[in-house]
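Visitor: Sequence:
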Amino acid sequence: MLDYFHVSAQASLICSHLLKNIHQLHCNYQFIQRALQIMDNDDDSQQKLKLIIFELNSFILTNPFSNLEYHDFKLISDENSSVLNRLKSMRKTLERNFKLKRYLKTLEFCVTEVCDMVAVTTHALTSVVTPTVLKFTCKGLERELPHLRFSRRFLGNVCEQLDMAAKGSYILNKDFDTMSRFVDRLYDDIEHVRAMMQLCLNKNIDKLISMQIVKELRKCDVGFGKKVEELKEHACLCLVTINRSRDWVTKEMEKMGG
365 MLDYFHVSAQ ASLICSHLLK NIHQLHCNYQ FIQRALQIMD NDDDSQQKLK
415 LIIFELNSFI LTNPFSNLEY HDFKLISDEN SSVLNRLKSM RKTLERNFKL
465 KRYLKTLEFC VTEVCDMVAV TTHALTSVVT PTVLKFTCKG LERELPHLRF
515 SRRFLGNVCE QLDMAAKGSY ILNKDFDTMS RFVDRLYDDI EHVRAMMQLC
565 LNKNIDKLIS MQIVKELRKC DVGFGKKVEE LKEHACLCLV TINRSRDWVT
615 KEMEKMGG
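By the working numbering, the letter at position 181 of the sequence shown is numbered 545, and the numbering carries on one by one without gaps.
Be aware that one or more of the hints could be misleading.
[Said to hold, decoys possible] Simulated crosslink set (BS3-like; lysine-lysine; CA at most 27 Å straight-line): (1) Lys438 x Lys384; (2) Lys531 x Lys452; (3) Lys591 x Lys456; (4) Lys583 x Lys531; (5) Lys456 x Lys531; (6) Lys438 x Lys619; (7) Lys452 x Lys438; (8) Lys615 x Lys456; (9) Lys583 x Lys596; (10) Lys619 x Lys456; (11) Lys590 x Lys538; (12) Lys538 x Lys596; (13) Lys384 x Lys538; (14) Lys538 x Lys452; (15) Lys590 x Lys456; (16) Lys583 x Lys438; (17) Lys384 x Lys615; (18) Lys619 x Lys531; (19) Lys531 x Lys615; (20) Lys583 x Lys384; (21) Lys619 x Lys412; (22) Lys412 x Lys538.
[What the hints assert, rightly or not] Ranges between beta-carbon positions, derived for each pair: (23) Leu400 x Lys456: 55 to 65 Å; (24) Ile535 x Ser422: 34 to 44 Å; (25) Lys531 x Thr426: 13 to 23 Å.
No lab work stands behind these hints: they were computed from the structure. Glycine included, C-beta positions come from ideal geometry on N, C-alpha and C.
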């Protein structure tokens with residue numbers, strides 16, 4: 365359970381870091397918007413070209429997603445998958461012990477009832493010795509199997525905690541897989557635009573305002589903002605899911621402790 369809290373905390377940090385990078389991307393995106401506004405001007409002066417060059421160079425400087433590497437998402441996903449598998453394994457073990465404890469309890473009750481019935485027609489010693497032997501055997505099993513020492517209610521509460529943690533881990537894996545793909549696509553889009561702008565800026569300045577660069581910038585202006593907003597929404601939802609899941613598990617642990 366401690367591993368679950370550790371991994372989910374690391375995932376929260378990555379989501380928070382991602383949101384900061386998205387904010388920076390919004391700021392960088394304004395360079396493109398300003399360049400497009402300048403291009404819409406009918407003025408063909410050198411001052412206009414210099415302003416466009418300044419805005420495009422400002423966008424080219426950095427890719428905010430450069431420090432969000434794939435292995436960060438992969439590392440969290442791998443660790444989270446490992447935690448999820450351990451949670452499932454623990455859940456199965458507790459469920460087996462829960463069933464075994466219930467079976468032993470039922471067996472003890474049934475044998476006691478049978479012994480009571482037999483004692484009516486046979487010797488009274490049977491009703492005393494046999495249940496005692498059975499109880500001794502059950503107690504011995506509980507000593508051999510530590511989980512059987514706990515009450516069924518306690519084991520049931522622990523199973524509830526494991527179920528909640530496992531559900532949270534499963535959702536986290538799905539969310540991180542989706543966000544990783546979003547980040548990869550946006551990173552590639554940004555790199556494409558940066559490379560295209562750099563190519564144009566490296567050529568003759570009089571060819572800067574060409575139909576090709578305007579077309580690419582318009583395309584970026586239409587689809588880029590939507591992709592960024594989708595990623596931001598997903599990162600926020602992932603944070604909410606992580607916090608809600610941790611809160612549920614914590615409350616269950618507090619209830620059991622109380």
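Visitor: Regarding the pair Lys531 and Lys615, is the alpha-carbon distance no greater than 27 Å?
Guide: Holds. Lys531 to Lys615 sits at ~15 Å (cutoff 27 Å).
Visitor: If you draw a straight line from the CA of Lys590 to the CA of Lys456, is it 27 Å or shorter?
Guide: 44 Å, violated
Visitor: Mind checking the alpha carbons of Lys583 and Lys596 for me, to see if they're no more than 27 Å apart?
Guide: Measuring from Cα to Cα gives roughly 20 Å; hence the hint holds.
Visitor: Within 27 Å, alpha carbon to alpha carbon, are Lys384 and Lys615?
Guide: 30 Å, violated
Visitor: Does Lys596 sit within 27 Å of Lys538, going by the straight-line distance between their CA atoms?
Guide: With a Cα-Cα distance of about 16 Å, the restraint between Lys538 and Lys596 holds, given a limit of 27 Å.
Visitor: If I claimed the Cβ atoms of Ile535 and Ser422 lie 34 to 44 Å apart, would that claim hold in this structure?
Guide: 39 Å, holds
Visitor: Are the Cα positions of Lys384 and Lys538 separated by 27 Å at most?
Guide: OK: Lys384 and Lys538 at ~22 Å, within 27 Å.
Visitor: Does the structure keep Lys591 and Lys456 at a Cα separation of 27 Å or less?
Guide: 41 Å, violated
Visitor: Assess, step by step, whether the Cα of Lys619 is no farther than 27 Å from the Cα of Lys531, and give holds or violated.
Guide: 19 Å, holds
Visitor: With the threshold set at 27 Å, check whether the alpha-carbon distance from Lys590 to Lys538 stays at or below it.
Guide: Judged against 27 Å, a Cα distance of about 21 Å means the pair holds.
Visitor: Take the C-beta atom of Lys531 and the C-beta atom of Thr426, compute their distance, and say whether it sits inside 13 to 23 Å.
Guide: 38 Å, violated
Visitor: Taken at face value, is the distance from the CA of Lys384 to the CA of Lys583 at most 27 Å?
Guide: Since the Cα atoms of Lys583 and Lys384 sit roughly 25 Å apart, the hinted pair holds (cutoff 27 Å).
Hints 3, 4, 6, 15, 16, 17, 21, 22, 25 from the earlier list are contradicted by this structure; the remaining hints agree with it.
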